[in-house]
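Chains A and B are the protein sequences, given in the same order.
The first sequence runs 1 to 547 under the numbering used here.
The second sequence runs 548 to 892 under the numbering used here.
Do not take every clue at face value.
[Said to hold, decoys possible] In silico lysine-lysine, DSBU-like type, Cα no more than 35 Å apart, as pairs:
1) B/K760 to B/K809
2) B/K639 to A/K94
3) A/K88 to B/K809
Worth flagging that the hints you see were computed from the coordinates, not collected in a lab.
In this text, all values refer to a predicted model and were calculated from it rather than measured experimentally.
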Amino acid sequence: MPNVNATVKKISALTTVIAFLIVSAFYTVFYFYPVGKVLNYGTGFSTVSRVFNSSATWKVIWFTTWQAIVSTFISVIVGICIANVFTKFEFRGKQVLKALAIIPFVMPTVVVATAFISVNDFLHLNGTPFSLQGSTLGIIVAHVFFNTAIVIRTVGSIWPQIDFESEMAARTLGANSCTTFFRVTLPQLKTSIFASASLAFLFTFTSFGVILLLGGLEKATLETEIWRYATQRTDFETAATLGIIQLVIIIIMLAVNTRSRSLITPAKKSAAAYNRSNYTNPRLIRLRLTSCIVFITGFLGLPFAILIERSLSASNGYSFQYYKQIFLESSERFSIFGTRRAIFNSLLWASLAMVIATILGLLAAVLMTHKSKKISRSSDIFLLLPLGTSGVLIGFGIIVGLNTSILDVRSEWWIVPVAQSILGVGFVSRIVSTAITNQDPELKQAAQTLGAGPAKVWWHIDMPIVSRSLVAGATFAFAIAIGEFGATAFLARPQRPTIPTAVFNLLGRPGAATFGQAMALSVILALITATAVSLLERTGQVVGNEI
Amino acid sequence: MKSEGLRVAGLSVHLNETPILSDINFEIRAGETLAILGPSGCGKSTLLKSISGLVPITTGDIFWNLQSLLSSPVHKRGIGLMFQNHALFPHKTVQENVRFGLEMKKIPKGQSDDAVRELLDLVGLRGYESRSVQTLSGGESQRVALARALAPEPKLIMLDEPFNALDRSLRRRLIEEIYGILTSLGITTIHVTHDSEEASQVADSVLLMDNGKIMDHGEFSEVIKSPKNAISAELLGLQTLWKPKLENKNGLHGLNSPWGYKEFPEPTASSYKVLVRPENIKVDPAGVEAVVLNNVYISGQKLVKCSVLDSFSVHVKTDEEFSIGQSIKLLLNLEDIEILLEHAE
Numbered sequence: 001m002p003n004v005n006a007t008v009k010k011i012s013a014l015t016t017v018i019a020f021l022i023v024s025a026f027y028t029v030f031y032f033y034p035v036g037k038v039l040n041y042g043t044g045f046s047t048v049s050r051v052f053n054s055s056a057t058w059k060v061i062w063f064t065t066w067q068a069i070v071s072t073f074i075s076v077i078v079g080i081c082i083a084n085v086f087t088k089f090e091f092r093g094k095q096v097l098k099a100l101a102i103i104p105f106v107m108p109t110v111v112v113a114t115a116f117i118s119v120n121d122f123l124h125l126n127g128t129p130f131s132l133q134g135s136t137l138g139i140i141v142a143h144v145f146f147n148t149a150i151v152i153r154t155v156g157s158i159w160p161q162i163d164f165e166s167e168m169a170a171r172t173l174g175a176n177s178c179t180t181f182f183r184v185t186l187p188q189l190k191t192s193i194f195a196s197a198s199l200a201f202l203f204t205f206t207s208f209g210v211i212l213l214l215g216g217l218e219k220a221t222l223e224t225e226i227w228r229y230a231t232q233r234t235d236f237e238t239a240a241t242l243g244i245i246q247l248v249i250i251i252i253m254l255a256v257n258t259r260s261r262s263l264i265t266p267a268k269k270s271a272a273a274y275n276r277s278n279y280t281n282p283r284l285i286r287l288r289l290t291s292c293i294v295f296i297t298g299f300l301g302l303p304f305a306i307l308i309e310r311s312l313s314a315s316n317g318y319s320f321q322y323y324k325q326i327f328l329e330s331s332e333r334f335s336i337f338g339t340r341r342a343i344f345n346s347l348l349w350a351s352l353a354m355v356i357a358t359i360l361g362l363l364a365a366v367l368m369t370h371k372s373k374k375i376s377r378s379s380d381i382f383l384l385l386p387l388g389t390s391g392v393l394i395g396f397g398i399i400v401g402l403n404t405s406i407l408d409v410r411s412e413w414w415i416v417p418v419a420q421s422i423l424g425v426g427f428v429s430r431i432v433s434t435a436i437t438n439q440d441p442e443l444k445q446a447a448q449t450l451g452a453g454p455a456k457v458w459w460h461i462d463m464p465i466v467s468r469s470l471v472a473g474a475t476f477a478f479a480i481a482i483g484e485f486g487a488t489a490f491l492a493r494p495q496r497p498t499i500p501t502a503v504f505n506l507l508g509r510p511g512a513a514t515f516g517q518a519m520a521l522s523v524i525l526a527l528i529t530a531t532a533v534s535l536l537e538r539t540g541q542v543v544g545n546e547i
Numbered sequence: 548m549k550s551e552g553l554r555v556a557g558l559s560v561h562l563n564e565t566p567i568l569s570d571i572n573f574e575i576r577a578g579e580t581l582a583i584l585g586p587s588g589c590g591k592s593t594l595l596k597s598i599s600g601l602v603p604i605t606t607g608d609i610f611w612n613l614q615s616l617l618s619s620p621v622h623k624r625g626i627g628l629m630f631q632n633h634a635l636f637p638h639k640t641v642q643e644n645v646r647f648g649l650e651m652k653k654i655p656k657g658q659s660d661d662a663v664r665e666l667l668d669l670v671g672l673r674g675y676e677s678r679s680v681q682t683l684s685g686g687e688s689q690r691v692a693l694a695r696a697l698a699p700e701p702k703l704i705m706l707d708e709p710f711n712a713l714d715r716s717l718r719r720r721l722i723e724e725i726y727g728i729l730t731s732l733g734i735t736t737i738h739v740t741h742d743s744e745e746a747s748q749v750a751d752s753v754l755l756m757d758n759g760k761i762m763d764h765g766e767f768s769e770v771i772k773s774p775k776n777a778i779s780a781e782l783l784g785l786q787t788l789w790k791p792k793l794e795n796k797n798g799l800h801g802l803n804s805p806w807g808y809k810e811f812p813e814p815t816a817s818s819y820k821v822l823v824r825p826e827n828i829k830v831d832p833a834g835v836e837a838v839v840l841n842n843v844y845i846s847g848q849k850l851v852k853c854s855v856l857d858s859f860s861v862h863v864k865t866d867e868e869f870s871i872g873q874s875i876k877l878l879l880n881l882e883d884i885e886i887l888l889e890h891a892e
């Protein structure tokens, strides 16, 4: 036995070293060095003072911040209302409705933006005060559409764990239902609300696709300004300074998020499992259920339905004309957008990004779940930053960083999947490490008492848990990569488009045909993502809590 | 006098069209304690929750001093409920938990501070004011839950299996402490439990429940002396019950026991069980052949379980030592054989 233990220890130490070397090499080359270069570019005294003395900068910072705060606030309110219905009531079709409510979260920004563009077109909102294009309203509505799902997922997973008896106790102590909610329920949900709100804020603060497509030229945020300064004005210094401002705010929000998540402690389980519907006035149940169903199907479902309708609505009635044009590219005019090529590229690169993210994510999870607290804690922090960094900053970093004679990889095709995988590694490692950490230690002990040695324990207990979460992580990494727009917008050359960049290009051109193709291409992207996500749901992994 | 206190009349609760409670009727005089005894899932907790207004009732009424409570919402009923798992607010300190009900009554802070201090004194938790409730032991949580329920001075307090998860010695101590407090305050109390010993320690009267219905109700000593049916006897923890073989003599049903023939009280009833109390069986050479199966100790009292003629088993209260498998002889007077209906009428 001592020999077996010694061998296990050796293997484990060797795995840690290999994991550390590979993960840190990857992040150093493709994340820390490029982002470091951005810091270097953006911290010149004259640039910083010019940027901070410009009223335009403050206008951009102000708009970025307030639209993020408003979007987050509305998402939190709406998300709490829906999570409340999901927690309190049992009804037929609840699971379907829950799945529907989560879908927007994983949809690529480009799909969401085109969905609202299609709503705008369908309802002829252009020129009205309710126009969703070129307006702040459109940006906020799209952000709420995205982020409500984060709140539903995070708050909705904690709410059922709250001891329902504590709410009943408050009622018997003289609190009415409103006081009970604010004094007893809400404080117990506080940390999960902070966690989801900080995440929602982070996403809206660094939002790129939605702002670019729905906001137009007038509505600039830090993220779109970095892109504009870098690609259209080739003013790398200003772009880099704006990038640093953004990075500082991201780090603060990540700290808030990490702190909130660490404070979420599962409540002591209530012995009795309550069907909370039994404790509510039936009239109130109907009212809340109806509003929840109307919201989910109307606000979250309708834009997708209209997107599909627009993609089929051709000049001569409903047809698959735009889909045919995408695949055939028969007309000279349409071929310049390389739509068929874009689908092929997207599928290939997202698959490659998934492979990279899965391998590196697994290695990173080895470090994050290491017995030594020092190793696990530092790798957790080390891997958190890339997860919060916006795609635009990563893309920009690679453009300005990896241009030395040894490392000039900017025009290589494979840099796109590599950049897309940076976010994926973070997600895979988090999903896998959470699955490992949450594993009941008594399972392993039980296996040992039943005669399983270290290898068999690993094979029968660890392996199934890891593999399930790895499949979930990989699928998630694929979904992120295929919809990635920020970094891809920098790195994908015009002759090598992806679906999001092709949609962006198509929408930039006038004409019904290009508009129709953009819609059709978005539908295809939505379908690919939805397929990936349904696979994810099938693995039974609760993704979203780990993130 | 009879109208003072709680009266539950014809109360039924259906959840999703499934009956949980059917036709519950009982009364408690103000200042008295009623124990509700029943197996898990029999509807005891639902009964408490429907009295407090947490669960809507389907039919029936609940009165306090002749006034119906049905139109009052939960928070206005003034009925305290101490939950099985204590249901302390995890985000509040001990003091904040206890003060909650006083805040709801809008009692000024200075006054409520005094009340909280007094209550914590009463439950022996002085000095625990700013402790987080998550750091408390089971017994401490229990006492905070009691202090919290008592703070708004409820007219009726209901304790839902309060000592369930506690070890025996702590349970005994807390029963003494808590009932010392409740008796001194003269509060009307309902105590739910599935332990007949606990029920006998705390209550003046007992209500036996099974399957959402009342099986028996009355003074504890009366109910235990003559249980209405076999289910009641089992709920009360009476030890030796078996289903007898029926015999028919001269058109009357009867039980032909090893100790002699005994006629049934009501020949029309379909199903009976026989109850023999351990203290009525004697070890005696003139008795019937039996084999010792094991020795059990219930509340410190020794009972010997024996198989009689291989057909049923009985418990015998004795101080004598017997080894397992030993043959002994048991004597029983026919009048000590009690014949009970197997189910409620």
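Tested hints:
{"no.": "1", "hint": "B/K760 to B/K809", "in the structure": "holds, 31 Å"}
{"no.": "2", "hint": "B/K639 to A/K94", "in the structure": "holds, 33 Å"}
{"no.": "3", "hint": "A/K88 to B/K809", "in the structure": "violated, 58 Å"}
Comparing the model with each numbered hint stated earlier shows that hint 3 is the single one that does not hold.
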